[in-house]
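Number of protein chains: 2
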Amino acid sequence: MSGTNSERELIAEGPAIILVEPQLGENIGMVARAMANFGLAELRLVNPRDGWPSEKARSAASKADHVIDQTRVFQNLEEAIEDLNFVYATTARERYGFKPVRSPVVAATTLREKFRAGEKTGILFGRERWGLTNEEVALADEIVTFPVNPAFASLNIAQAVLLMSYEWMKTGLDDVAATPFQPVEQRPSTKEQVFGLFEHLEEALDARGYFHPPAKKPKMVDNLRAVISRRGFSEQEISVFRGVISSLDRFPRRWPKKTGSAGEAPENGDA
Amino acid sequence: MSGTNSERELIAEGPAIILVEPQLGENIGMVARAMANFGLAELRLVNPRDGWPSEKARSAASKADHVIDQTRVFQNLEEAIEDLNFVYATTARERYGFKPVRSPVVAATTLREKFRAGEKTGILFGRERWGLTNEEVALADEIVTFPVNPAFASLNIAQAVLLMSYEWMKTGLDDVAATPFQPVEQRPSTKEQVFGLFEHLEEALDARGYFHPPAKKPKMVDNLRAVISRRGFSEQEISVFRGVISSLDRFPRRWPKKTGSAGEAPENGDA
Numbered sequence: 001m002s003g004t005n006s007e008r009e010l011i012a013e014g015p016a017i018i019l020v021e022p023q024l025g026e027n028i029g030m031v032a033r034a035m036a037n038f039g040l041a042e043l044r045l046v047n048p049r050d051g052w053p054s055e056k057a058r059s060a061a062s063k064a065d066h067v068i069d070q071t072r073v074f075q076n077l078e079e080a081i082e083d084l085n086f087v088y089a090t091t092a093r094e095r096y097g098f099k100p101v102r103s104p105v106v107a108a109t110t111l112r113e114k115f116r117a118g119e120k121t122g123i124l125f126g127r128e129r130w131g132l133t134n135e136e137v138a139l140a141d142e143i144v145t146f147p148v149n150p151a152f153a154s155l156n157i158a159q160a161v162l163l164m165s166y167e168w169m170k171t172g173l174d175d176v177a178a179t180p181f182q183p184v185e186q187r188p189s190t191k192e193q194v195f196g197l198f199e200h201l202e203e204a205l206d207a208r209g210y211f212h213p214p215a216k217k218p219k220m221v222d223n224l225r226a227v228i229s230r231r232g233f234s235e236q237e238i239s240v241f242r243g244v245i246s247s248l249d250r251f252p253r254r255w256p257k258k259t260g261s262a263g264e265a266p267e268n269g270d271a
Numbered sequence: 272m273s274g275t276n277s278e279r280e281l282i283a284e285g286p287a288i289i290l291v292e293p294q295l296g297e298n299i300g301m302v303a304r305a306m307a308n309f310g311l312a313e314l315r316l317v318n319p320r321d322g323w324p325s326e327k328a329r330s331a332a333s334k335a336d337h338v339i340d341q342t343r344v345f346q347n348l349e350e351a352i353e354d355l356n357f358v359y360a361t362t363a364r365e366r367y368g369f370k371p372v373r374s375p376v377v378a379a380t381t382l383r384e385k386f387r388a389g390e391k392t393g394i395l396f397g398r399e400r401w402g403l404t405n406e407e408v409a410l411a412d413e414i415v416t417f418p419v420n421p422a423f424a425s426l427n428i429a430q431a432v433l434l435m436s437y438e439w440m441k442t443g444l445d446d447v448a449a450t451p452f453q454p455v456e457q458r459p460s461t462k463e464q465v466f467g468l469f470e471h472l473e474e475a476l477d478a479r480g481y482f483h484p485p486a487k488k489p490k491m492v493d494n495l496r497a498v499i500s501r502r503g504f505s506e507q508e509i510s511v512f513r514g515v516i517s518s519l520d521r522f523p524r525r526w527p528k529k530t531g532s533a534g535e536a537p538e539n540g541d542a
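Chains as they are written, first to last, in this note's numbering: chain A, 1 to 271; chain B, 272 to 542.
Calculated from the structure, these hints are not laboratory results.
There could be a bad hint or two in this list.
As the list claims (entries may be wrong) - Pulled a few chain B residues facing chain A out of the computed Cβ check, cut under 7 Å:
{"no.": "1", "residue": "Leu281"}
{"no.": "2", "residue": "Glu284"}
{"no.": "3", "residue": "Tyr367"}
{"no.": "4", "residue": "Val447"}
What the hints assert, rightly or not - With beta-carbon atoms standing in for the labels, derived distance ranges:
{"no.": "5", "chain 1": "B", "residue 1": "Asn356", "chain 2": "A", "residue 2": "Leu248", "range": "26 to 34 Å"}
{"no.": "6", "chain 1": "B", "residue 1": "Arg496", "chain 2": "A", "residue 2": "Glu7", "range": "55 to 63 Å"}
{"no.": "7", "chain 1": "B", "residue 1": "Asn356", "chain 2": "A", "residue 2": "Arg250", "range": "45 to 53 Å"}
Said to hold, decoys possible - Simulated coverage check for chain A against chain B, where a stretch passes if three residues somewhere in it have a Cβ under 8 Å from a Cβ of chain B:
{"no.": "8", "region": "79-85"}
{"no.": "9", "region": "177-189"}
Glycine included, each C-beta is placed from N, C-alpha and C at the ideal position.
Start from the sequences, fold in the hints, and give me the full structure.
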């Protein structure tokens with residue numbers, strides 16, 4: 001699941017991610033990797049404990065060098081956000097304030113709207129151990145918090161950045177159901193092709209006395225056709241099935257059947 | 272941002288997470304932590320390279336012991352999913368097959384529907400280095416893939432599990448805009464309270480000759496009232512502002528003003 005690819009589009013835009021007093025270089029690197037996966041590129045650090053640059057961060061970033069190389073360091077949070085127009089603070093703890101509290105989906109939608117309007121935005125993430133101070137939260141416009149398990153709320157900063165980056169990316173898609181690749185296109189079968197499968201199968205079974213007793217044949221045919229019809233097989237799939245039936249129908253076994261094999265079914269399928 | 276809390280509801284239900292031949296105990300632990308954050312609890316391992324149990328996994332799980340303690344190990348993927356009704360395979364690579372490919376949002380919605388209908392489901396995640404084989408993907412019903420940066424697709428298994436767990440959690444919410452806590456409730460102000468603020472402020476300014484020249488006063492009052500009105504201040508906020516105006520209006524400074532201080536504004540606000 002990895003690899004930069006220089007021939008494909010490198011998305012690098014959107015809100016700045018601001019880490020306040022991060023402690024471990026590994027975490028900063030994982031944050032850069034999370035950002036790069038979802039098209040963010042602007043990382044700002046306020047007073048990183050172990051200094052900057054950091055080889056541990058670069059290593060953990062897993063080749064997100066375009067993020068690491070442009071990371072900027074600030075002495076305090078005010079300087080880190082002074083050029084921005086709108087800032088979210090992430091927090092897991094209730095703050096008992098008047099500041100609006102948003103879900104990641106709503107926050108990402110707001111960030112995308114402001115991005116499209118030309119505003120500069122950012123998202124604050126606090127220290128590994130205890131997050132942001134109330135004074136730091138007060139510098140932001142709104143709060144964003146994650147819908148976590150009430151009895152197990154333990155997101156680290158790289159995970160929190162990953163989720164916000166992912167929601168940001170999704171707001172840029174025309175359709176949340178869109179996927180980067182699709183299955184091989186299949187042509188829907190025509191009824192003529194479906195009827196062809198019915199006749200092929202029923203003739204081969206009839207020739208072996210499957211429809212027994214004869215009075216039950218109409219009901220058995222109904223059931224068999226219902227099983228096939230409800231699947232909505234494509235043209236290609238019908239072709240696969242006809243190949244299977246032809247093979248079973250025409251050719252003798254090349255080796256004797258094992259007794260009690262797993263695939264063995266009841267002889268008569270009208271149960 | 273951490274801590275289990277035994278007095279709050281521990282959510283532990285939903286699809287099984289199946290890791291195929293995971294290598295590092297740390298990754299298994301981070302997967303357990305990601306799952307626990309978003310209410311999943313059933314972890315299955317197919318042939319973990321370094322065996323099981325794993326102290327590294329337990330340590331990285333950050334107290335997600337309820338997941339680690341119940342993790343089950345299987346010899347092969349068939350056994351690991353034999354009791355399930357519906358299985359997704361996660362993959363970042365195009366597979367050129369007929370299997371439907373879904374986005375995380377669509378896959379999570381499908382998993383929630385099947386969960387509510389009483390079906391047992393699972394999600395497969397491949398090896399750290401190279402994911403799932405085609406034969407393993409073939410055992411699943413559908414494929415799920417993430418909307419990543421085309422030129423930087425580098426999600427590790429713990430990140431991929433985090434995103435699917437998060438989408439699963441969201442499908443259980445009545446409203447994606449819901450948040451675990453809300454700001455202090457505020458009462459909308461009445462027009463009488465807004466007019467009270469207008470008068471209070473304008474009287475204090477008028478007493479200082481702010482509205483100058485007098486011919487401009489009506490326009491200046493209009494501008495001032497527009498600035499206040501468009502904010503939609505709450506009752507509590509209007510009360511805060513009236514306290515500020517009272518303080519500025521009634522009391523003398525206790526220390527001399529610094530020259531060139533940052534907060535100084537032009538004397539006349541009608542620009």
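Results of checking the hints against the structure:
{"no.": "1", "hint": "Leu281", "result": "holds, 4 Å"}
{"no.": "2", "hint": "Glu284", "result": "violated, 11 Å"}
{"no.": "3", "hint": "Tyr367", "result": "holds, 6 Å"}
{"no.": "4", "hint": "Val447", "result": "holds, 4 Å"}
{"no.": "5", "hint": "Asn356/B <-> Leu248/A: 26 to 34 Å", "result": "holds, 28 Å"}
{"no.": "6", "hint": "Arg496/B <-> Glu7/A: 55 to 63 Å", "result": "holds, 58 Å"}
{"no.": "7", "hint": "Asn356/B <-> Arg250/A: 45 to 53 Å", "result": "violated, 36 Å"}
{"no.": "8", "hint": "79-85", "result": "violated (count 0)"}
{"no.": "9", "hint": "177-189", "result": "holds (count 9)"}
Of the hints listed earlier, those the structure fails to meet are numbers 2, 7 and 8, in rising order.
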